[in-house]
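Those protein sequences? They're chains A and B, same order as listed.
Note that the numbering used here has the first sequence beginning at 30, numbered continuously upward.
Note that the numbering used here has the second sequence beginning at 3, numbered continuously upward.
Among the hints, erroneous ones may be present.
[As the list claims (entries may be wrong)] Okay, derived cross-link-like pairs now, EDC-like style, lysine to aspartate or glutamate, Cα gap no bigger than 20 Å in a straight line: (1) A/K43 with B/D242; (2) B/K112 with B/E41; (3) A/K43 with B/E235; (4) B/K112 with B/D132; (5) A/K38 with B/D125.
[As the list claims (entries may be wrong)] Chain A residues, not near chain B, derived (Cβ > 12 Å throughout): (6) G34; (7) A40; (8) G59; (9) L61; (10) D63; (11) E70; (12) P92; (13) N94; (14) G113; (15) G115; (16) L140; (17) D173.
To be clear, the hints were calculated from the coordinates, so they are not data collected in a lab.
C-beta atoms are modelled at their ideal positions from N, C-alpha and C, and glycine is treated no differently.
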Amino acid sequence: MTTTGRNSKTAQRKAAMAVLAHSDAAEIAGFLADIAVPAHENLREPENGLVMLRGRIGGDGAPFNLGEATVSRAAVRLATGEVGFGYTLGRDAQKARMIALCDAMVQSAELSDEVEAKVIEPLRAAMLAARNRKAEETAATRVDFYTMVRGEG
Amino acid sequence: MYVAVKGGERAIENAHRLLAHERRGDRDVPEVTLAQISEQLSLGVDRVMTEGSLYDRELAALAIKQARGDMIEAIFLVRAFRATLPRFGASEPVNTGEMQVRRRISSTFKDIPGGQILGPTFDYTHRLLDPQLAEGFVPEQPATAEAPQTPAPRVTDILGRDGLIESSPQAEPDAPVGDLTREPLSFPADRDLRLQNLARGDEGFLLALGYSTQRGYGRNHPFAGEIRFGDVEVEFFAEDAGFAVPLGSIELTECQMVNQFKGSATEAPCFTRGYGLAFGQSERKTMSMALVDRALRARELDEEARSPAQDEEFVMSHSDNVQATGFVEHLKLPHYVDFQSELGLLRKLRQEFAEANDTPELREAAE
């Protein structure tokens, strides 16, 4: 694979992972049930741990440690060799395993289109709809302040 | 000195059993669920996550339930839980400039790109108790409006373009990020460690210190340049995957204080800054944090440091409510041996005093 091809594949994997990390485990499981899941094994048993979350001084300066978050992670290997990784905030090990499975399928030439169309796309649509609804509710609270002159006159 | 005691196992066991009973309250009243706490007491959950220093809504809700609503006890429980899990590493620094904003206000500029967005706020409410909320209240669906496609840059970035405000300090390449959960505190402490300490620090303590700076104890003339709350994406560089993987998003509140300007013979005057950042919607916390962060920069900015909020050793050593409650509350544990030795010493001193002054009444009382 060329560097460009590899970069665009990584971008596709990251985009799919972002959608999956934002979705509920039950929803992911629901869409996965609609496709023929290939034979696979756990490469890394799902495990829970912590990630130290970092902010930046002033929002854009040197990093500092804000506090930790719980994170679940897993890795699976398809019988055809693709290795997928799953990471998500929270402690849902099954969700991490499903993300890893989807990531492996996204890398498979045979399965990529199907998992994109039948799992990632509907989850992405639901995520964007929820995000949009929040943005519209927020937009309704946008305010225009008028400055009044203080004192006499 | 604290000398351990033994015994009382049965009484302790029964006391905990009684605690569990009292925690449940009247058993005819339905038990509160974690989802109810997380959804309906959400600002309490945000505080426990922030000061417990662990982003996990469900665990924070469980801690609040277990602690019977005692926030500091809940924070203590969350801190203790941290120790049970391995740390995978540190996230990429979050970009609050790309926050999906749900509230964003500035008290310095009326017209800011992206607009003033009130969001869900207690501001401008009348603070009158609402009897409707007592039972069965169903709120209206929120109003909606077309969402703007324009980004909402940080107010400090706008001021920064004209050089009117100091820029944020940048990291030395490959400089390690200080972590007070791994190394004990030492002074003077760099700003990364100070901010970590303040982020975990007790909201009430920081509120009082921030207030003290406004009342003249380390005055630095603050304006709330911007307060924003919303969702921020988190990424983590996963060694196994070989790239930064998305973990999902977290809710954060950020406060940028714009403070009195400063210049020198070689540098044009510009506004200085204080910074606050916390999990969830934690506005009072981040405002207090930003005030104290700015006060603690006294040394760096060549200001006279004579007030408590400017004393980093005082502030950082007393901000942690888990440490504070541990030391204060340990006083109620048995100190019998300790006290007996003090009592013995006191009797001896009183006897010596009585003998020196030859007052028979005191001598009798001492014996």
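Consistency of the hints with the structure:
Between A/K43 and B/D242 the alpha-carbon distance is near 14 Å, which keeps this suggested pair within the 20 Å criterion. About 33 Å separates the Cα atoms of B/K112 and B/E41, which puts this hinted pair outside 20 Å; it is violated. A C-alpha spacing of about 12 Å is found between A/K43 and B/E235, which places the hinted pair at or below 20 Å, so the restraint holds. Proximity of B/K112 to B/D132 is assessed by CA-CA distance (about 31 Å); at most 20 Å being required, the pair is judged violated.
Distance restraint check for A/K38 and B/D125: the Cα-Cα separation of roughly 47 Å exceeds the 20 Å cut-off, and the hinted pair is therefore not satisfied. The beta carbon of A/G34 is kept farther than 12 Å from every beta carbon of chain B, the shortest such distance being approximately 15 Å. Against the 12 Å criterion, A/A40 falls within the reach of chain B, whose nearest CB is about 10 Å from its own CB. Consistency note on A/G59: stated as away from chain B, and its beta-carbon is indeed over 12 Å from all of that chain's, at 19 Å minimum.
Annotated as non-interface, A/L61 keeps its C-beta farther than 12 Å from every C-beta of chain B; the closest such distance is 18 Å. With 12 Å as the threshold on Cβ separation, the claim that A/D63 sits away from chain B holds: the shortest Cβ distance comes to roughly 23 Å. With a closest Cβ-Cβ approach of about 16 Å to chain B, A/E70 is found to remain outside the 12 Å limit, as its non-interface label requires. Consistency note on A/P92: stated as away from chain B, yet its beta-carbon is not over 12 Å from all of that chain's, at 4 Å minimum.
A cut-off of 12 Å between C-beta atoms contradicts the statement that A/N94 is not in contact with chain B; the least separation is 5 Å. With a minimum CB-CB distance of about 9 Å to chain B, A/G113 fails to clear the 12 Å threshold, and the non-interface call is violated. With a closest Cβ-Cβ approach of about 9 Å to chain B, A/G115 is found to fall inside the 12 Å limit, against its non-interface label. Against the 12 Å criterion, A/L140 stays outside the reach of chain B, whose nearest CB is about 18 Å from its own CB.
At roughly 8 Å, the least C-beta separation between A/D173 and chain B is not larger than 12 Å, which violates its mark as non-interface.
Violated hints, listed in ascending order, are 2, 4, 5, 7, 12, 13, 14, 15, 17; each of the other numbered hints is respected by the structure.
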